[in-house]
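*Asks:* Sequences are here, hints too, so could you generate the full structure?
Residue strings, one per chain:
There are 2 protein chains.
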Amino acid sequence: MSVGIEGSKVIEPKATGPRDGRDRLLAGARKLLAEKGYAGMELRDVAAAGKAPRGSIYHHFPGGKRHDTIERALGELGVKQTLRMFGKVFSRRAADHPERIGCPVAAAALARPEDPALAAAATAAFQSWERPIAAALEREGVGAEKAETFAGLVVSTIEGALLRARAAGSQAPLDSAVTGLEQALDALVATG
Amino acid sequence: MSVGIEGSKVIEPKATGPRDGRDRLLAGARKLLAEKGYAGMELRDVAAAGKAPRGSIYHHFPGGKRHDTIERALGELGVKQTLRMFGKVFSRRAADHPERIGCPVAAAALARPEDPALAAAATAAFQSWERPIAAALEREGVGAEKAETFAGLVVSTIEGALLRARAAGSQAPLDSAVTGLEQALDALVATG
Chain A
1 MSVGIEGSKV IEPKATGPRD GRDRLLAGAR KLLAEKGYAG MELRDVAAAG KAPRGSIYHH
61 FPGGKRHDTI ERALGELGVK QTLRMFGKVF SRRAADHPER IGCPVAAAAL ARPEDPALAA
121 AATAAFQSWE RPIAAALERE GVGAEKAETF AGLVVSTIEG ALLRARAAGS QAPLDSAVTG
181 LEQALDALVA TG
Chain B
1 MSVGIEGSKV IEPKATGPRD GRDRLLAGAR KLLAEKGYAG MELRDVAAAG KAPRGSIYHH
61 FPGGKRHDTI ERALGELGVK QTLRMFGKVF SRRAADHPER IGCPVAAAAL ARPEDPALAA
121 AATAAFQSWE RPIAAALERE GVGAEKAETF AGLVVSTIEG ALLRARAAGS QAPLDSAVTG
181 LEQALDALVA TG
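Protein sequences, first through last, are from chains A and B. Using our numbering, the letters of the first sequence map in sequence onto residues 1 to 192. Using our numbering, the letters of the second sequence map in sequence onto residues 1 to 192.
Any given hint could be a false lead.
[Unchecked claim] Cross-link-like lysine-lysine pairs, in silico, DSBU-like; alpha carbons within 35 Å at most:
1) B:Lys-51 with A:Lys-80
2) A:Lys-88 with A:Lys-36
3) B:Lys-146 with B:Lys-88
4) A:Lys-146 with B:Lys-88
5) A:Lys-88 with A:Lys-146
6) B:Lys-51 with B:Lys-88
7) B:Lys-36 with A:Lys-146
8) A:Lys-80 with B:Lys-146
9) A:Lys-51 with A:Lys-146
10) B:Lys-88 with A:Lys-88
11) B:Lys-80 with A:Lys-88
12) A:Lys-88 with A:Lys-31
13) A:Lys-146 with A:Lys-36
14) B:Lys-146 with B:Lys-51
15) B:Lys-51 with B:Lys-31
16) B:Lys-31 with B:Lys-88
17) A:Lys-36 with A:Lys-51
18) B:Lys-80 with B:Lys-51
19) B:Lys-51 with A:Lys-88
20) B:Lys-36 with B:Lys-88
21) B:Lys-36 with A:Lys-80
22) A:Lys-88 with A:Lys-51
23) B:Lys-51 with B:Lys-36
24) B:Lys-146 with B:Lys-36
25) A:Lys-51 with A:Lys-31
26) A:Lys-146 with B:Lys-31
27) A:Lys-80 with A:Lys-51
[Claimed, not checked] One-sided excerpt, in silico: chain B residues whose CB lies under 10 Å from chain A:
28) Gly-102
29) Pro-104
30) Pro-116
31) Ala-144
32) Gly-152
33) Val-155
34) Thr-157
35) Leu-174
36) Thr-179
37) Asp-186
Think of the hints as simulated: they come from the structure by calculation, not from any bench. All C-beta atoms in this analysis are idealised placements derived from N, C-alpha and C, irrespective of residue type, glycine included.
*Replies:* Structure below.
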């Protein structure tokens, strides 16, 4: 009953399977999120915090800290193509590994009321994805208030769609959500 | 680390606090969802399945099975006012009980891969909310394909916003998501 990051499970460093490697990294990410928050968390420290081999971080989280990737894509591709690209990446991963669908930050989000610091770190992560989306929308001519609201809509929709994709064991809800966001974005830009 | 419905916790009928009453009903709902699916689940059976007093169902789930409420509201108020109304209901509940924010169906959604039948029941519930929204949008002049996509967007957005509200311990992400959906709906209707 959790997505990605397990409750308060302690990962012992003796087992070595691929599932275990991922679990150790997630345990490390959880520890650092709680200690330093999302902004202060360095990806290179995650492996050490989870007692996992350093190189494993690039194998298990090829996208790195997501908001860096989001900012770069938005700058190079604009909002619509970035949405489409992220949608394709998530969708391909979901199709390849339906049993792993889910956002590690969503698991941290569910830590309230037991662990409010971890839940707050999740909120900071969500906001770190929203800010560059809102800024890019403004650059594309959307008013500041609408841009901020739409950026929040994007993040909530993707989180909800990941949850639904997990339930369905399929990428279909993700594909549909991205189409819905593209449609909403087109209409928003057309109406200012 | 779960929203609403607890993993495989067995609720013994001896404790009697209000928290326990809610837990028993959720255990009952979980059992029926797994056995009969969402469509076949009768609200009046939930209390019995969870060994909870029959009247408690109306106390803890005053909205009843949500898709009935959605259909009635859509027929009487139209899509935009229904969105606004549900947004206000969720927001008020979240403000009153920030520790309880979350959708019981979202918890069932996370049951995959351990319990695929329960996860499938969650998908059926999500779809049962989508269908009347899509139908109402069509009645309001939106084309069939766009209506279906937007209905999916609504459900994914609300689920994601409930998750974020849980993380934030506040109704703010819900309020923002509903504003975003209203804005997207206005733009959709304006552009056909």
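*Asks:* Now tell me, hint by hint, if it's right for this structure.
*Replies:* We went through each hint and held it up to the structure:
For the suggested pair B:Lys-51 and A:Lys-80, the alpha carbons sit about 51 Å apart, so the restraint of at most 35 Å is broken. Distance check on the hinted pair: A:Lys-88 and A:Lys-36 sit about 31 Å apart at the alpha-carbon level, within 35 Å; holds. Distance hint between B:Lys-146 and B:Lys-88 is fulfilled; the C-alpha atoms sit about 25 Å from each other, no more than 35 Å. A threshold of 35 Å between alpha carbons decides the hint, and for A:Lys-146 with B:Lys-88 the separation of about 20 Å falls inside it, so the pair holds.
Among the hinted pairs, A:Lys-88 with A:Lys-146 is consistent with the structure: their alpha-carbon atoms are about 25 Å apart, no more than 35 Å. Under the criterion of a C-alpha separation no larger than 35 Å, the hint pairing B:Lys-51 with B:Lys-88 is consistent with the structure, at around 32 Å. Straight-line distance between C-alpha atoms of B:Lys-36 and A:Lys-146 comes to about 43 Å, which puts the hinted pair past the 35 Å bound. For the hint pairing A:Lys-80 with B:Lys-146, the CA-to-CA distance comes to about 17 Å; that is within 35 Å, so the pair holds.
As the CA atoms of A:Lys-51 and A:Lys-146 are separated by approximately 44 Å, the hinted pair breaks the 35 Å bound. For the suggested pair B:Lys-88 and A:Lys-88, the alpha carbons sit about 34 Å apart, so the restraint of at most 35 Å is met. A distance of roughly 30 Å separates the Cα atoms of B:Lys-80 and A:Lys-88; the hinted pair therefore holds under the 35 Å criterion. The straight-line distance between the Cα atoms of A:Lys-88 and A:Lys-31 is roughly 30 Å, inside the 35 Å bound, and the hint therefore holds.
For the hint pairing A:Lys-146 with A:Lys-36, the CA-to-CA distance comes to about 31 Å; that is within 35 Å, so the pair holds. A C-alpha spacing of about 44 Å is found between B:Lys-146 and B:Lys-51, which places the hinted pair above 35 Å, so the restraint is violated. With a C-alpha separation of about 11 Å, the suggested pairing of B:Lys-51 with B:Lys-31 holds against the 35 Å cut-off. For the hint linking B:Lys-31 to B:Lys-88, the alpha-carbon distance of about 30 Å falls within 35 Å, and the restraint holds.
Only pairs whose Cα atoms come within 35 Å are accepted, and A:Lys-36 paired with A:Lys-51 is accepted, the gap being roughly 18 Å. Restraint check for B:Lys-80 and B:Lys-51: the C-alpha separation of about 39 Å exceeds 35 Å, so the hint is violated. Among the hinted pairs, B:Lys-51 with A:Lys-88 is inconsistent with the structure: their alpha-carbon atoms are about 45 Å apart, more than 35 Å. About 31 Å separates the Cα atoms of B:Lys-36 and B:Lys-88, which keeps this hinted pair within 35 Å; it holds.
A distance of roughly 41 Å separates the Cα atoms of B:Lys-36 and A:Lys-80; the hinted pair therefore is violated under the 35 Å criterion. For the hint pairing A:Lys-88 with A:Lys-51, the CA-to-CA distance comes to about 32 Å; that is within 35 Å, so the pair holds. Proximity of B:Lys-51 to B:Lys-36 is assessed by CA-CA distance (about 18 Å); at most 35 Å being required, the pair is judged to hold. This hinted pair checks out: B:Lys-146 and B:Lys-36 have alpha carbons roughly 31 Å apart, not beyond 35 Å.
With a C-alpha separation of about 11 Å, the suggested pairing of A:Lys-51 with A:Lys-31 holds against the 35 Å cut-off. This hinted pair does not check out: A:Lys-146 and B:Lys-31 have alpha carbons roughly 43 Å apart, beyond 35 Å. Pair hint A:Lys-80 plus A:Lys-51 does not hold up; C-alpha atoms about 39 Å apart against a cutoff of 35 Å. Nearest Cβ of chain A to the Cβ of B:Gly-102: about 8 Å, under the 10 Å cut. The hint holds.
The restraint placing B:Pro-104 at the interface with chain A is violated, with a minimum CB-CB distance near 12 Å, outside the 10 Å limit. Interface hint status for B:Pro-116: upheld, as the beta-carbon distance to the closest one in chain A is roughly 7 Å, under 10 Å. About 13 Å separates the beta-carbon of B:Ala-144 from the nearest beta-carbon of chain A, more than 10 Å, and the hint is not met. Proximity of B:Gly-152 to chain A holds as hinted, the smallest CB-CB distance being about 5 Å (cut-off 10 Å).
The closest approach between the C-beta of B:Val-155 and any C-beta of chain A is roughly 7 Å, which is under the 10 Å cut-off, so the hint is satisfied. Taking 10 Å as the C-beta contact cut-off toward chain A, the hint placing B:Thr-157 at the interface holds, the least distance being around 5 Å. Look at B:Leu-174: its Cβ gets to within about 9 Å of chain A, closer than 10 Å, so that hint holds up. At its closest, the beta carbon of B:Thr-179 sits 5 Å from a beta carbon of chain A; the interface hint therefore holds under the 10 Å criterion.
Here the hint on B:Asp-186 is kept, as its CB sits about 7 Å from the closest CB of chain A, short of 10 Å.
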